[in-house]
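Engineer: So you can see what is in the structure, the chains are spelled out below.
Protein chains: 2
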Amino acid sequence: MSRTNHQYRLAARPVGLPRPTDWEYVEEPVGEPGEGELLIEVIHLSLDPAMRGWMNEGKSYIRPVEIGEVMRAGGVGRVIASHNPRFAVGDYVSGTLGVQEYCLSDGRDLTKVDPALAPLPVYLGVLGMTGMTAYFGLLDIGQPEPGQTVVVSGAAGAVGSVVGQIAKIKGCRVIGIAGGERKCRLVVEEFGFDACIDYKSQDVRKALREVAPEGVDVYFDNVGGDVLDAVLTRLARGARIVICGAISQYNATDQVKGPANYMSLLVNRASMTGMVVFDYADRYPEATAELAQWLSEGKLRSLEDVVDGGVRAFPDALLRLFKGDNTGKLVLKVADEVKAADE
Amino acid sequence: MSRTNHQYRLAARPVGLPRPTDWEYVEEPVGEPGEGELLIEVIHLSLDPAMRGWMNEGKSYIRPVEIGEVMRAGGVGRVIASHNPRFAVGDYVSGTLGVQEYCLSDGRDLTKVDPALAPLPVYLGVLGMTGMTAYFGLLDIGQPEPGQTVVVSGAAGAVGSVVGQIAKIKGCRVIGIAGGERKCRLVVEEFGFDACIDYKSQDVRKALREVAPEGVDVYFDNVGGDVLDAVLTRLARGARIVICGAISQYNATDQVKGPANYMSLLVNRASMTGMVVFDYADRYPEATAELAQWLSEGKLRSLEDVVDGGVRAFPDALLRLFKGDNTGKLVLKVADEVKAADE
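Protein sequence lines correspond, in order, to chains A and B. Each number in the working numbering corresponds to the 1-based position in the first sequence with 156 added. Each number in the working numbering corresponds to the 1-based position in the second sequence with 156 added.
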């Protein structure tokens with residue numbers, strides 16, 4: 157049976173926001189899996205701010221996507237052919253599948269997932285890299301203690317919404333920062349944060365003085381820029397800043413805006429530490445178990461924002477992240493789970 | 157016996173570099189020590205970059221010097237009258253004596269020092285706050301391991317020169333950053349660093365690529381600004397940055413320049429941590445003992461840059477720090493030790 161694969165390859169390194177001309181939409185026949193390989197039909201793709209960084213040239217925590225290469229993306233899919241003893245047709249898997257409809261894999265970076273335990277998109281969200289990032293970034297680097305004040309930027313987003321919920325579970329007072337009234341309401345009402353500051357209509361520094369008068373013990377930063385600079389002015393002594401991302405700066409065409417108030421680290425004996433989730437790979441099982449437990453107990457809510465557009469819709473869907481249009485985990489639906497199961 | 161005290165009081169909060177009009181030179185009679193008090197003749201004053209920060213209004217790690225208040229300064233002096241049972245006439249003491257010739261004190265923040273064990277200025281340098289800052293900043297925050305690469309800015313300065321020497325004692329490869337050929341030579345030849353980069357004539361980033369090809373494990377930052385930004389591009393994985401000061405920014409009249417390359421903390425899973433030496437007060441004795449031991453064994457060299465101008469010379473002497481004129485610990489000589497002893 158001959159199948160056709162559609163995929164996005166990187167055509168050019170973007171300057172600023174990725175433009176349509178930075179992508180090449182390619183149609184090609186799907187190859188047959190060789191010895192030890194398997195073929196996956198992609199069902200959902202994870203859209204992440206980090207993808208913008210992968211499109212840049214130069215050394216980073218992961219090699220850049222090369223020009224002409226299929227754009228890297230995490231995803232979940234269903235095995236439709238296999239010459240790999242670890243995987244059988246009908247298995248559901250998550251891994252780095254790429255922005256495409258079909259993925260040939262040697263199976264090495266794949267994990268089996270069970271759609272009976274959680275809907276597939278959750279394996280890209282709370283039970284995927286998103287959840288791992290929130291879990292280890294907050295608990296390992298942030299080290300919040302009960303009663304302390306935790307501030308999270310990008311609070312309505314994939315990682316931020318999970319960070320805040322975990323901090324609540326750990327007995328902290330949790331303040332979100334998000335853009336717009338709708339998101340702020342979601343952060344408080346759906347994710348249970350104690351308060352949320354709308355950075356678009358409020359002065360973050362002043363607002364923090366009101367909602368966190370004792371200062372900020374842990375700041376989990378997803379956005380960088382002015383918000384980071386504002387939070388730096390309100391640190392409690394010994395504060396820990398977790399640098400998880402800087403979405404406000406990823407598309408900067410001028411030089412990145414460094415945190416001018418960084419000397420607050422000295423005044424407050426505080427630290428600012430970067431984290432990359434892949435470093436915790438051998439501890440994913442412990443985090444997954446605890447997160448799944450919290451999900452099942454209803455202590456943790458997973459919110460996915462699923463764009464139903466197929467691979468074709470990828471470039472526009474990705475831009476939603478940088479426009480701040482999404483709430484929760486942004487996922488691109490590539491194929492129907494049911495259709496896949498019926499095939 | 158009636159004595160006259162000369163002192164500098166803060167007249168205005170400086171904008172940029174302190175100007176003569178920011179100081180008031182005051183002459184007044186020396187008071188008599190009351191119950192529990194003692195009178196100290198000031199012999200040497202410590203000149204420190206941090207003093208610039210104390211002149212600013214607003215919350216910091218220590219309260220600001222108020223307008224009209226005697227400028228805060230560490231110093232060493234000799235007790236010339238005492239109604240305090242802990243101190244006798246002829247004792248030498250170090251503490252916060254202020255920019256003046258005579259200091260009335262209740263004795264609470266004073267430490268006795270022994271001029272037979274080390275020259276008095278050393279108690280402001282290696283055996284004073286300078287040494288404590290270097291010791292705890294490097295060892296507690298930087299946590300260098302033998303064989304690792306330690307980079308120190310302000311390497312010819314008071315704290316930097318001690319940091320590098322301690323790092324050498326601990327078996328590290330040590331790179332200094334300093335301004336000008338003369339300082340760089342001093343750093344290598346007198347303080348024993350493995351190399352020194354002249355930020356005035358060299359591209360720090362390129363130079364680091366050559367002298368620290370494996371990357372920087374510990375960066376002890378005294379200067380901030382462009383040098384911090386350059387070092388951020390050359391971090392090794394898991395690097396620790398100690399934020400001790402930012403002398404390049406203390407007199408900034410525009411906004412402070414934040415480290416634009418701070419996302420290198422994420423890429424390299426690195427941390428940037430502020431330190432304030434006063435937090436280690438209860439561990440000063442252990443540091444002093446070890447530093448004194450290294451001094452006596454000739455493993456550690458204390459270099460003081462003594463300006464012999466009396467209190468009157470304070471404003472100009474202070475500016476030498478910000479012009480980068482000093483090497484080692486900048487000290488203002490206020491009175492003659494011998495003269496004091498003869499009195």
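For the record, the hints were derived by calculation from the structure and aren't laboratory data. All figures in this text were calculated on a predicted structure; none of them were measured in a lab. Just to be clear, a hint being listed does not mean it is correct.
[As the list claims (entries may be wrong)] Under the rule of at most 30 angstroms between Cα atoms (straight-line distance), these lysine-lysine pairs were calculated in the BS3-like manner:
id, chain 1, residue 1, chain 2, residue 2
1, A, 413, B, 356
2, A, 356, B, 215
3, B, 479, A, 413
4, A, 413, A, 362
Engineer: Broken hints, numbered, in rising order?
Structural biologist: none
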